[in-house]
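Visitor: Given the sequences, and given the hints that come with them, work out the whole structure.
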Amino acid sequence: RDFNERCAQCSEVNWGLTDGGRFYCRSCHNVTERTREVVNTDFITNSRVQTISKRLKKEGKNDGGCEWYICEGFQLVLKKQVEALEALGVCPQMKDEILCNFWRCYLQKSKQAYCKRPAGETVKALSVCESSTDVDSDPERPSLLHLLSLSESEGDLQTDCSFASSVSKVSESTSVYSGSVDGSLYLMKNQKEKLRMTMPMTLSFCYLALLWVREPITLSELLRFVVEGHIPYMNVFQHFPEKMKLCGLDLKIFCVESWPLYEEVFNKMHELAAFLDLPRFPDITESCFLHPDMLCMKYLMEANLPDELHNWTCRVVKKIGIGEVDFLTLMPGNKSTRKVKYDVLAAAVIVVVLKLLFLLDDHYEWLLSEFAEERNKNNTEVCMFYSGGPYFEFRKWYEVVKHSLDVEQKKLDEEKAKYLWRCEKPLFYSVKNKSKVLKRRQMVVNLQNQFGKLSGSVQRAEKPNPSSFQLSWSEENTDGSCFHGHSLKGVLQEKCGLLTTMNPDYWLCTVKLCNEKLCGHLAHYREVEFPQSYHFVLGLFSFLLRIQPSYIHDEVCMIEHRLFNKKLCKKLKYNTVLRK
Amino acid sequence: SSNEYKLNFKKSKEACLSYIQDALLQKQWKRAAEFLTCYVESLEKDYSREHIGPSEMIWRIGTEILWHHSQSRMKEFNCFMEQMKTLGVKRYLKVCLEHVFHLLCNGQIDEAYQNLSLAESWRFGEQTAIQDKEIKLIQAYRGLLDYCSWSKQKKILLEHGEDGFADLAVEQEMHGYFRKAAVNLKEIIKIPGVWDVFVKCYVDLLEFYGEHNEARQVLNEYAYNSKFPANPNAHVYLYQFLKRQGESKKSLISALKILHDIVPSHELMIDFNTMLQKSKKRKKRQLGLEVIFAALDYAGWKENAKAWSCLARQVKQIVISEKHLDWIKQEWNSRKDWWPDFHFSRYLAKRNWQENKSLSYEKALVAGILLGKDCKYFKYVSHQGCKTRVKRFRMLKKFVTRHNPVYLRISG
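In order, the protein sequence lines correspond to chains A and B. Going letter by letter, the first sequence gives residues 1 to 580 in the working numbering. Going letter by letter, the second sequence gives residues 1 to 412 in the working numbering.
The hints are all genuine.
Covered stretches of chain A (in silico footprint by chain B; criterion: 3 or more residues with CB under 8 Å from a CB of chain B, positions within the stretch not fixed): (1) 249-262; (2) 419-428; (3) 432-445.
Just the calculated beta-carbon pair ranges, DEER-fashion: (4) A:N267 <-> B:K11: 19 to 27 Å; (5) A:E424 <-> B:S18: 22 to 30 Å; (6) A:E424 <-> B:S226: 55 to 63 Å; (7) A:E527 <-> B:Q108: 49 to 57 Å; (8) B:C105 <-> A:E424: 36 to 44 Å; (9) B:K11 <-> A:D326: 36 to 44 Å.
Distance condition first, Cα-Cα at most 27 Å in a straight line; then the derived DSSO-like pairs of lysine-lysine: (10) B:K250 <-> B:K227; (11) B:K200 <-> B:K155; (12) B:K391 <-> B:K373; (13) B:K11 <-> A:K410; (14) B:K6 <-> A:K416; (15) B:K45 <-> A:K434; (16) B:K257 <-> B:K302; (17) B:K397 <-> B:K316; (18) A:K439 <-> B:K10; (19) B:K10 <-> A:K436; (20) B:K75 <-> A:K439; (21) B:K30 <-> A:K416; (22) B:K10 <-> A:K453; (23) B:K27 <-> A:K416; (24) A:K517 <-> B:K6; (25) B:K257 <-> B:K283; (26) A:K243 <-> B:K45; (27) A:K416 <-> B:K10; (28) B:K45 <-> A:K453; (29) B:K11 <-> A:K425; (30) A:K425 <-> B:K45; (31) A:K243 <-> A:K436; (32) A:K410 <-> B:K30; (33) A:K425 <-> B:K6; (34) B:K10 <-> A:K410.
To be clear, the hints were calculated from the coordinates, so they are not data collected in a lab. Where is the CB? At the ideal position from N, CA and C, for every residue including glycine.
Guide: Listed below in structure tokens is the structure:
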């Protein structure tokens, strides 16, 4: 929002957004008639965000560079990301209205823009052209090593030390802390209060916006698209304009060398939502993609499981109330409700349903499978056609899915090993090692060419088109490798007019839940302590969602405890097998 | 913590390396090249704390791939090596040396020589002093190539000599090479190490120019200086030299004694035993028996007819003289539990008979003496032998039968 008008009542420039989309002054709560739509939306094209200080274009002195602030850099990153999302089919409102408003709000709250500079804070800028012959003499200046250690991005200590020492030995006028104006200040800021921006956080912003618009994309999918290269993340800075010179501490901020973890982005997203003081998000209802019923359908298809299982997932969802609007919708800042991971939740529901039907104790499911196999052998095709598909055989399903999973996992592992982290744009800490860096880069390119030719006909394949499904199964395959239409007859029975499972037992993943706040998890998953079938199923969803099995395990524990809540309260301490 | 699972640069490159390793072990050069292409960007990151950095990895792996890959040419190989030389000052000379080895393997002797000269003249501040050993090696190999040139000239000279031509130019060149080679070879063998090829060449030079004392000194140093690692070849060279010089049996025997101690299974043990058997000194003859028994302990000697004939001869001689049966007893004591299965099984009897009659003859004699005429081996061979009506087998049977009681005394 370029809404820089002074408030009529108090003359401050400190605007917030009401639920109705009107601007209100935060200082005096004066509500205006101005609404969002009126606001100038060519914010994005104009990179001049700052209204606090005049930017001087010092052409010539810095070989064409200009002064730029870290948040401008992040803004460019976000711009690129949201454009990529648009290309993937996300609605354009996300970019122009939602994300940029969130961003502006963030800038204002963190006092990087749209506000009066708090008294006493001066920007201790160390830009490229500044001479710093008195680097060591200023005692208030934080040591460079200290700044480097504050950064969240990883780096090798050796490089940091050599960089630090090369800078402190300055006698010439070109010492470089950062290409940006406030690089060093940025790293120094007190993190707790102001929620310092980081690269992983850009994804949190994206997801926050996606959630607001209720786009049919889960966080795990978003992160997967990032890794697959459909959404810029790793080397976005190479798209910064020429005059925004990136060096020194900027590298610590913008050059990440690891893929962000789901947990990381997820937690930051909630922190951000609270920080921005956002109101309750739009409702997640049953028709919404993120609703467990919908996601379960999707994951059941992807896991090649019978469609009939969907009835059961819906039943579980209903019974434990995780399909309720209030449970699913995000309320920023509300500490009492559990933060919902829609994708993990849906996967966990499926796991629980599988446990309900097949027990998954490395014994019963194979028995049921043999039983089904017998039935299938005896039935003719005509019989099957009329009775709705063959009996679902766990063993066959396991073999088919395991095979595909292994193939895909192997491909994925090789991809990870072949990943190219560097890009064309050279990175150097200081002007001093620029030539060394360029020489190295040249050598790397030469070697890549030389050995690339010897790699044979294996060319680096074109980036695959982004797809929502990683595993797909077609009913048209005659080899019977698609299980969608199979029937659960063999594992169900009728009792008192109700369809119930033949399996009378259930085992809990854990008897007592941990305190999440203390150790970060509800339970602790160790492969050896659980049946192989359970591990396999966790592994399947772990692959699909690209997260550690323990996260799914946590959700499974949570669901189980809700499901069997009453029984748990009554039961004896050491009995972990329940009768349903 | 969840950070363990974070996929970062370091982990990705570690995984990449293990794929390269697998590919190399399975000789899948294309696949190795594919992954190496992805690995090379590690050069842009600082690994100075690691034991082996990416530049060394890339040098070694790249060398292997380029050497074995079917589509790789020498030109590319050389180009690659030149690049590797620039990657690390501390490794410069090592890379040069390895490059030279590859050139030699490819028969490019002149290029190898040029590279060696170039490397020799390299100077880089304090690195020159630190890499002193590498320089010496380079000089030594240059000396070796000089020796090769000398050899060639010598050959030409000898051929001309036969025709009656005295080719001064060739002779001058030859002497020139000698001087260059000798200087460098002499230097390297001063440093404790295993320098077989240098020693051999140097000694060859010295012998040609009549410097026998110097040669003897060099070989003695090489064999007996405790600072040098134990090296059986040193003793072999010394022995061969002494033999060429026509030295006394005494010195020859003393040269081989240490070899027997270090490598009882060495092929020269036959010569050794032969010398010892003929000695007038009792102790030497007993040593001879020890030596031949020790050699036959090794699987590689099982079918060595010559060795068996040595043993047979000595055993026969002892039995006939009826003196020193205790020697045999002593040697047989530690072997009687396993030699019968190892050497004298019925299966071996059959096989030896089929494949090598002389071998079976000699073995049968030994078996008959040590195990008696009723042992499996002797019975089979002698039976077969007598069937063929070959005279010596009949003699053998008579001999063993006559001396049968001996085995009782031996095995008792």
